[in-house]
Amino acid sequence: MREISVKKITEAVAEMSVNANSFLGEDVCERITECRKKEDWPAAAEILSKIEENIRIAREDLVPLCQDTGMACVFIEIGQDVHVVGGSIEEAVNEGVRKGYTEGYLRKSIVKDPIRRGNTGDNTPAHIHYEIVPGDRLKIVLAPKGFGSENMSRIKMFAPAAGENGVKDFIVNCVEEAGANPCPPVVVGVGIGGTFDRAALMAKQALLRPMKDSNPDPYYAEMENELLERINSLGIGPQGFGGRTTALAVKIQTYPTHIAGMPVAVNINCHVSRHREVIL
Amino acid sequence: MEKMLVYPYDKEKLKELKAGDSVLISGTVYTARDAAHKRIVEMIENGEKPPFEIEGSIIYYVGPTPAKPGKAIGSAGPTTSYRMDSYAPLLLDLGQAAMIGKGQRSEEVKAAAVRNGAVYLAAIGGAAALIAKSVRSAEVIAFEDLGAEAVRKLEVENFPAVVVIDAYGNDYYESGRLQYKNGNK
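Those protein sequences? They're chains A and B, same order as listed. What the first sequence shows, in this note's numbering, is residues 72 to 351, in sequence order. What the second sequence shows, in this note's numbering, is residues 4 to 188, in sequence order.
Keep in mind that the hints were calculated from the coordinates and are not lab data. A virtual CB, placed ideally from N, CA and C, is assigned to each residue, including glycine. Treat the hints with care, as some may be off.
Derived, one-sided and incomplete: chain A residues facing chain B with beta-carbon distance under 8 Å [what the hints assert, rightly or not]:
{"#": "1", "residue": "Ile118"}
{"#": "2", "residue": "Cys137"}
{"#": "3", "residue": "Tyr176"}
{"#": "4", "residue": "Gly306"}
Partial selection, computed: residues in chain A whose CB lies under 10 Å from chain B [what the hints assert, rightly or not]:
{"#": "5", "residue": "Ile126"}
{"#": "6", "residue": "Gln310"}
{"#": "7", "residue": "Val343"}
Listed below are the simulated EDC-like cross-link pairs for lysine to aspartate or glutamate, each with C-alpha atoms no more than 20 Å apart in a straight line [as the list claims (entries may be wrong)]:
{"#": "8", "chain 1": "A", "residue 1": "Lys183", "chain 2": "B", "residue 2": "Asp148"}
{"#": "9", "chain 1": "B", "residue 1": "Lys136", "chain 2": "A", "residue 2": "Glu124"}
{"#": "10", "chain 1": "B", "residue 1": "Lys71", "chain 2": "A", "residue 2": "Glu86"}
{"#": "11", "chain 1": "A", "residue 1": "Lys183", "chain 2": "B", "residue 2": "Glu147"}
{"#": "12", "chain 1": "A", "residue 1": "Lys121", "chain 2": "B", "residue 2": "Asp24"}
{"#": "13", "chain 1": "B", "residue 1": "Lys74", "chain 2": "A", "residue 2": "Glu131"}
{"#": "14", "chain 1": "B", "residue 1": "Lys41", "chain 2": "B", "residue 2": "Glu56"}
{"#": "15", "chain 1": "B", "residue 1": "Lys41", "chain 2": "A", "residue 2": "Asp184"}
{"#": "16", "chain 1": "A", "residue 1": "Lys121", "chain 2": "A", "residue 2": "Asp132"}
{"#": "17", "chain 1": "B", "residue 1": "Lys18", "chain 2": "B", "residue 2": "Asp174"}
{"#": "18", "chain 1": "B", "residue 1": "Lys184", "chain 2": "A", "residue 2": "Glu247"}
{"#": "19", "chain 1": "B", "residue 1": "Lys71", "chain 2": "A", "residue 2": "Glu131"}
{"#": "20", "chain 1": "A", "residue 1": "Lys183", "chain 2": "A", "residue 2": "Glu161"}
{"#": "21", "chain 1": "B", "residue 1": "Lys184", "chain 2": "A", "residue 2": "Glu117"}
{"#": "22", "chain 1": "A", "residue 1": "Lys79", "chain 2": "A", "residue 2": "Asp207"}
{"#": "23", "chain 1": "B", "residue 1": "Lys14", "chain 2": "B", "residue 2": "Asp96"}
{"#": "24", "chain 1": "B", "residue 1": "Lys184", "chain 2": "A", "residue 2": "Glu300"}
Excised from the complex, chain B in its bound form (with noise of 0.2 Å):
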C-alpha cells in the first residue's frame, strides 16, 4: 500500500516514510540536474537567490523530453544520482525535503539527509512515459538556455516513487538486496 505525500512537504511527513516504502507524491516539485546544480550552488555561494525556494523543496533529477503539442511534458524519468553528490550536502543543509532520482548515493549524501530529517527517493529509471502521466504541469523557471537541464517547475499528481534513504539513514538498495538474499535462502 502505498503512502502519500502532499505538498508542504513539511519533516514531520518525511519521519513517517520508512526505506523500501513506495509513495505517491502530489504538488510543487522542482526539476535540477548535473548543469543546473551546479548554477545553483554557484549562486548560493556567491551569495544570490536560487531560482526557487531550497526549503522544503522537493528536486527531481530529471531532463525530460521536449513535450509534443497539447502534452505538460515529454517522458520525464530519473537520471543517475551520484552525479548530484557534490552538491546534495549544501542544498540538504538549507532545508531541502527530498531528492528523487535512482541510483545509489555517498555517505555524505547519507549524513545530510539524516542531520537534516530528509529523503532521498527512487523513481523507476527507464520508465520515463509511465511517469510523465503523473505530471499535470511543467514551466521552465530558471536557466532556460541549458534546454533539457533548466529548471522546470512541475505540479504532480501521485507521482510513483520507492523510498530508498530514509530520515534515519536506513538504505533500500542494501536492505531490499538483503531482504531478498535472506528470503531465498
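Same shape as in the complex, but just chain A (with noise of 0.2 Å):
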C-alpha cells in the first residue's frame, strides 16, 4: 500500500489551477495555427491570429486566457494499491482549488445553488469524478471548463433506429445551433452509449483527449474526421464570423448500452481547450 498525503493532492490542484488557466497546451496552440494557415478566408484567419496573440501574451503576462476560469472539473484516478492519507480526498481538492483560484487571482464563478445563486467567493466546490484503476498511482486531471461553451452542451436519448445519420446529424445541428455563442472554434466531445449519465460523462472526458489522436476504433475514428468537416463546411467559422475553422477537433468516446436506447451527449468547449494533469 503506498501512501500519498493529502496536502500533496492540494498542493497539485492549486498549481494546475493557475497553470491551466494561463498556458494552452502545445497540441491545441499547434492545432489553432494549422488551421489558421488553412483558413481560406481572410477575416477568419485574422481572427486566429488575434487568439494566437491572446495564447502569447497569457503565457508571457501569467494571466488567465479567458476570464471565464470556470468550474474546476477534476478527474481523478486511484491506483487500489494507493491509501490516501491525512484526511478527505474531496476536501483536499476543495482546497487546491481555493487556493489556486484565490493565490492566482484567477475568477471565483461558481455560486452557492443553482437557483438562489450566491457567489461562495472561492470558486469550490469542485465537480470530482473518481474512477479506481489498478495500480498504485494517483493521476489528477485538472479541466477548467468555461459555461459560454458548456450551456451549448446537448443530451439526447435516441431510439436505436435512428442509426449512424441520426447521431452524426444530431452532433452537427447541435454546433450549428450554438453558432457563435460557445466562442468557435470549438472542440467537439462526444460520448455515445452507456446511460444518461455515462454518455455525458464520456462527452466530457473526450475533451481530454490530445488534439491528434483519434478514436482507437476505425469506425469511430473515421467518423470524428467526418464530422470535422462536415461541421467546418457549416461556414460559422471564429466567432461565427464566417470562414472554416468553426472546429478544431470532434472526440467521441463510446461504451456498450441497451437494446432500447443510443444515449448522445455532446460537450462543447472552446478554443480556450484547457486541461492539466499530474501523476502522484
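Bring the two chains, given one by one in their own frames, into a single complex with the hints.
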C-alpha cells in the first residue's frame, strides 16, 4: 500500500488551477496555427491570429487566457494500491481549488445554489469524478470548464432506429445551433452509449484527449474525421463571423448500451480548451 | 480599416457603423452581466436610479478576473450575450447606445436596437488577455457583493470590437457566414 498525503493533492490542484488557465496545451496551440494557415477566408484568419496573440500574452504575462476561468472539473484515477492519508481527498481537492483561484487571481464563478444563487467566493466546490484503477499511482486531471460553451452542450436519448445518420446529424446540428455563442473554433466532445449520465461524462472526458489522437476504433475514427469536415463546411467560422474553422477537433467516446437505447451527448469546449494533469 | 468610436457615444455616430465593421472604442464603458442586469432592471422598475446613466452608455457584458497588483484589470473578454436578452430591450428604450458581448441576440433585442438607433458589438470571445490591454482603468461603482459580476466603470482606449447588429438591423452573424459561403462557391 503506497501512501499519498492529501497535502500533495492540494498543492498539485492549486498549481494546475493556475497553470491550466494561463498556458494552453501545445497541441491546441499547434492546431489553431494549422487552422489559420489552412483558413480560406482572410477575416477568419485574422481572428485566429488574434487568438494566437492572446495565447502569447497569457503565457508571457501569466494571466488567464479567458476571464471565465471556469468550474474546476477534476478527474481522479486512484490506484487500488494507494492509501490517501492526512484527511479527506474531496476536501484536499477543494482546498487546492480555493488556494489556486484565490492566490492565482482567477475568477470566482461558482454559486452555492443553482436557483437561489450566491457566489461561494473561492470557486469551490470543484466537480470531482473518481475512478479506481489498478496500480499504486494517483492521477489528477484538472480541466477548468467555461460555461459559454458548457451551456451549448446537449444530450438526447435516441431510439436505436435513428442509427448512424441520426447521431451524426444531431452532433452537427448541435454545433450549428450553438453558432457564435460558445466562442468558435470549438472542440466537440461526444459520448455515445452507456446510460444518460455515462454519455455526458464520456462527452466531457473526450475533450481531454490530445488534439492529434483518433478513436482507436477505425469506425469511430472515420466518424470523427467526417464530422469535423461537415462542421467545418457549415461556414460559421471563428467567432461566428464566417470562415472554415468552426471546430478544431471532434472526439468521440463510446460505451456498450441497452437494447432499447442510444444516448448521445455533445459537450462543447471553446478554443481555450484547457487541462493539466499530474501523476502522484 | 477600423472605425473609431469615441465617447460621447451619440446616436449620430452609431448610424455610421455597419454590420461587419471593425471598431476601436475609446472612453467610458460600464460592465454588467447576468446578476447586475437583473438588479438594474429591478431598480428601474421600482422607480429607483440605476448606478449609472443608461442613456448614451455602452454596457460591456463581462466579469473580469481579479487584477494583479499594478494592473488596471485582470483578463476581460466578453460573456455570451443571449442571457441578457430579456433585460436589454428596456435598457435600449432608455437610450443605451451600445452593447458589447458575443453570440446571437433575440429578435426582440434586434428590434429594440433598430427602434432606438443602438448597436450590438462583439469582442473576441476567449481573447481576454489581449482585450484587457485596452482597459486603462476600472472602478467598482455598484453591487460589490457580486464579485466578478459587480458593475465597473471602465476607461478604455482603442478597445477592439466588431459591429454585429447595426442600427438598421443588419446581423453580421448572418451576413458574414453568407458572404463566406458565397465567396467560396
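Here is how each hint holds up against the structure:
no., hint, verdict
1, Ile118, "holds, 6 Å"
2, Cys137, "holds, 5 Å"
3, Tyr176, "holds, 5 Å"
4, Gly306, "holds, 5 Å"
5, Ile126, "holds, 8 Å"
6, Gln310, "holds, 6 Å"
7, Val343, "holds, 5 Å"
8, Lys183(A) x Asp148(B), "holds, 14 Å"
9, Lys136(B) x Glu124(A), "holds, 12 Å"
10, Lys71(B) x Glu86(A), "holds, 17 Å"
11, Lys183(A) x Glu147(B), "holds, 18 Å"
12, Lys121(A) x Asp24(B), "holds, 16 Å"
13, Lys74(B) x Glu131(A), "holds, 15 Å"
14, Lys41(B) x Glu56(B), "holds, 16 Å"
15, Lys41(B) x Asp184(A), "holds, 17 Å"
16, Lys121(A) x Asp132(A), "holds, 16 Å"
17, Lys18(B) x Asp174(B), "holds, 15 Å"
18, Lys184(B) x Glu247(A), "holds, 14 Å"
19, Lys71(B) x Glu131(A), "holds, 14 Å"
20, Lys183(A) x Glu161(A), "holds, 17 Å"
21, Lys184(B) x Glu117(A), "holds, 17 Å"
22, Lys79(A) x Asp207(A), "holds, 15 Å"
23, Lys14(B) x Asp96(B), "holds, 13 Å"
24, Lys184(B) x Glu300(A), "holds, 15 Å"
Figure legend: structure checked against the earlier numbered hints; every hint is met.
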